[in-house]
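Chain by chain, the residues:
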Amino acid sequence: MNPMAANPPITNPPVATPFFFYLLAATMIIGGILVITRKNAIHSAMALITALLAQAGLYLMLYAPFVAGVQIILYAGGIMVLFLFVIMLINLERNMKERQFNKQWLVGIVAAAALGGLFITVYTTSTRGKELFPEGRVAYADGQNTQAIASLLFDRGAGQYMFAFEIASLLLLVAIIGAVVMAKKRI
Amino acid sequence: MNELMQYIQSYLGSDRTPGGAGNIFWATVYILLVFGGLSVAVIAMNWLERKILAHMQVRLGPMRVGPHGLLQPIADAIKLLLKEDIIPAEADKVIFWIAPFIVVLAAFTVFVVVPFGPTHAITDMNIGILFMLGVSSLSVLGIVTAGWASNSHYPLIGALRSSAQMVSYEVAMGLAVVSAIMMTSLGSLATGLYGAGNVDSQVSGTLSMIGIVQAQQAQGVWFVFKFFPLGLIAFGMFAIAMVAETNRAPFDLPEAESELTAGFHTEYSGFRWSLFFLAEYSAMIAVSSIAVTLWLGGWLRPFPSVHGPSIAIPHIWPPADPSAPTGALDFVLALCPGISFLLLGAMCFYNVQRMPKHPLFKVQTLGLAGFGAVLALIGLILFVPPVRDRVGDIFWFSAKVTGFMYLYIWYRGTFPRYRFDQLMKVGWKILLPTGLALLILTALFGMRADISTQFLGGLGQ
Amino acid sequence: MTDPNTLSPLDLETPDKTFLDANELVINMGPQHPATHGVLRVILRLDGEKVLGLECVIGYLHRGVEKIAENRTYTMFNPYVDRMDYVAAVSNGLGYCETVEKLLNVEAPPRAQYIRVILTELNRMASHQLWLGTHALDIGAITPLFYTFRDREEILKIFEKYCGARLTTHAFRIGGLQYEAYDGFEKEVKNFVNFVKPKIDEYEELLTTNRIWLERTKGVGVISGKDCIALGVTGPVLRASGVKWDIRKALPYANYKNFDFDIPVGQNGDTYDRYIVRMAEFRQSLRIIEQAVEGIPAGPVMAKVPKVMKPPVGEVYHSIEAPKGELGYFIVSDGSTQPYRVRVRPPSFVNLQALDVMCRGQLVADVIAVIGTLDIVLGEVDR
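Protein chains in written order, with the working numbering: chain V, 1 to 187; chain W, 188 to 648; chain D, 649 to 1031.
If you're looking for bench data, these hints aren't it; they were derived computationally from the structure.
All of these numbers come straight from a predicted model, not from anything done at the bench.
Heads up, the beta-carbon is just placed ideally off N, CA and C, and yes, glycines get one too.
Treat the hints with care, as some may be off.
To be verified - Reference listing, derived: stretches of chain D covered by chain W, where coverage requires no fewer than 3 residues with Cβ under 8 angstroms from a Cβ of chain W: (1) 850-861; (2) 934-940; (3) 1003-1014.
Isolated chain V, as found in the complex (with noise of 0.2 angstroms):
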């Protein structure tokens, strides 16, 4: 039997789409301004967590299903966790006193909405704009995203990332020996 055949193309409508984009994406907002606003290094690492679970969800929802998979495993399970150790070992008493905002915040406000304004003119008027976000589902039928994936790196004739892929992976390891080499007390 057919493994492919457990997951023919999907036949129903997905369920309640609006609902829960607007709930994943309003926790992706609150867990942002969190982030931001919290005095205490620990809160903040928890509001980014559920940020980023929530974008997971997003992930899901444009059936990239393998994007998703690797957003939680490596940013909330993995760079979350290096960050909760450098906050929890380093000595953050200082910095909880400090203020958590400076005096130049109306003018930071002002920017970022300008800038917002300017990313919906675009993207709402002209036609370019509308070009670079096309509406609809991607092409790829549900249960293909991680081979997609996988041809685009892998293949013989469709893959055209394998040399990055293989010079990203050198420059890990590069990283993983010069910490090493670093943090170690003696040779």
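Got chain V sorted already, so can you dock chains W and D onto it with the hints?
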């Protein structure tokens, strides 16, 4: 109302999981069943651990609370609920509250994709195994925050050590999992025994949990026996890494009582501690489910491709579903669920007869007899053909996971503890190279036919 | 190879930086700890995970036993010695009774000596069984504890039948024994020997070739023979470091000359060797018991000892091989019925000095293993 009934009926007879079919009602039912079953399993695991460990140590374990200590876990749960909730001074209350929540969340969410049968899962994500590994790595976050929130040196050191250990062994787990996933891409008997697949062919590998078991079914062999001994070594590697991942003996230095640093859950008392305990046992069951699905054939019965001669017994066999196999071996193994529950009931009745004949023991004797009667009744129900045909998959899956639980308890009773640096040495210097070598060898074996057609002009097939 | 004469006491001021900034950390393993086998306080100076040095603070169980001895007659003091090393109480009694007998110049009759040897060797086995169970428990193997305690029960049953007490037995009297061996004593001891031989194989099967046990104990807590002799360490610790010294063979007492047994000796002086030496001592004790039970002579069990004991003025030192090492008694008599001074040389007290040397350079988790392998009893260390 009629619409509701239609909605409910529309799912029955489907060949997909409720999540895959988009049926919210049945998905909720399955979620509740899995949640309830998991809670019962954790409670049973508590009792089993104390009894089995005690019997290994030449003693009896709990005997007083309920007949043979069967009500002991309930007494423990009540005690933990009634205990005073102590929060250390100057601990961060929000983080202190959140940490057990994260660990429990991670441990329970994993069960969304665990397959008890070809359609008996809450949903079947096509990144099933990736999802399970990812979400179970979120529990590291909970442990680190628990150690931090206790505001004391020793839990923090214990938490950091625990999380370092878990992260190290996730690497080894991942490598073992990848070599099992590679085996799923091998073709079925219809397309050539070891034909490699690519994205254009009919056959390709899959990360979905149900797909992995179906690949084993198509290839007619459990992956633990595939490419012998590679499958066995991968399974062994995962079995060791999963014990270290869940912080159980012999890798439980961060939470051992007789060591200097007392572990991340020192400052947690009462109900919060029981949440950690619940999460630990759920994580054990979750990683055992991964091992069972990937290597031991999931819900497949032993010898899935051997059927024996076809037999027919009126009103009892063959089953109503025309596509189900009808061999003699199928019939015998289909009786196993019922027989096992009858055996459990018989053990209860045997112990009833061994109870002391003293008036003070009357309630316990009656209780044990009632429990045995319930078990025997369940066994008899499992012989009824409609139930028997549906329950086989769930039974075999649960039986294999129970075997793993027994292994966990056995390890705890037998092995001394590894020291922390030896623990990390095993994870990085022994399991990691073995995993890499395994990966390469599995890939070589899988590509054997392809290589021979390419370079040797079609010598093997 | 450290020279014990140059070991300096610890510098105990706590650093004023946070604990993760400092290079050195002073940690206290308090008197109440699941793994220190009693009320022992160990102050560790650490560099990260490595132990730079440690200091033991003792005295939490001091009861003034030696001072009490100055106000009791020789016979009245006999029950007190059991309470020092409460695990091997019979050996304590043997040491004391033999020392006073040496002072009084009497010798216990042969029958009493044979029964004394049997009970002492049984007690050596019981003490080693307790040691094995607790040592394995500290390293993490939780099951051998139950097996050794189950088998130790048989020994304690024999003691109970003989003198009425399981642990603090007060089995011996000055000049011999008070109680004749009960009916069936020889038979029960023979049954016990046959019962326990496969059990020792069981303990070995669980631990001796277990890879985790080997990794936890090989190379941990090494002390050389020279250091042992310099510090005065005796017992299985000394023998595991390669020095073949056992008082039962070197300065025999209580007719150990009549028995044929070997002295197990280790090579490396690490925890694993101490484990092997003690496991071999189990089997040697069984050999001695078997030979003793075969040949118990008939005769009286008590020598002619005056009712009121007034030993002549003088001093005597006598030592025996207790399960933990050399247990010595130094008694000064001034001619009266009460001793002038009783000084006990407890093996655990002297062996505890070696803890510092053994733990330098080891990891913190090994300190627990080393305390266990030294086999100390705080009742004896503090008296």
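Here's how the hints hold up against the structure:
1. 850-861: holds (count 5)
2. 934-940: violated (count 0)
3. 1003-1014: As far as the segment 1003-1014 of chain D goes, the hint holds, because 4 residues have Cβ atoms under 8 angstroms from chain W.
Hint compliance for this structure: hint 2 alone is broken.
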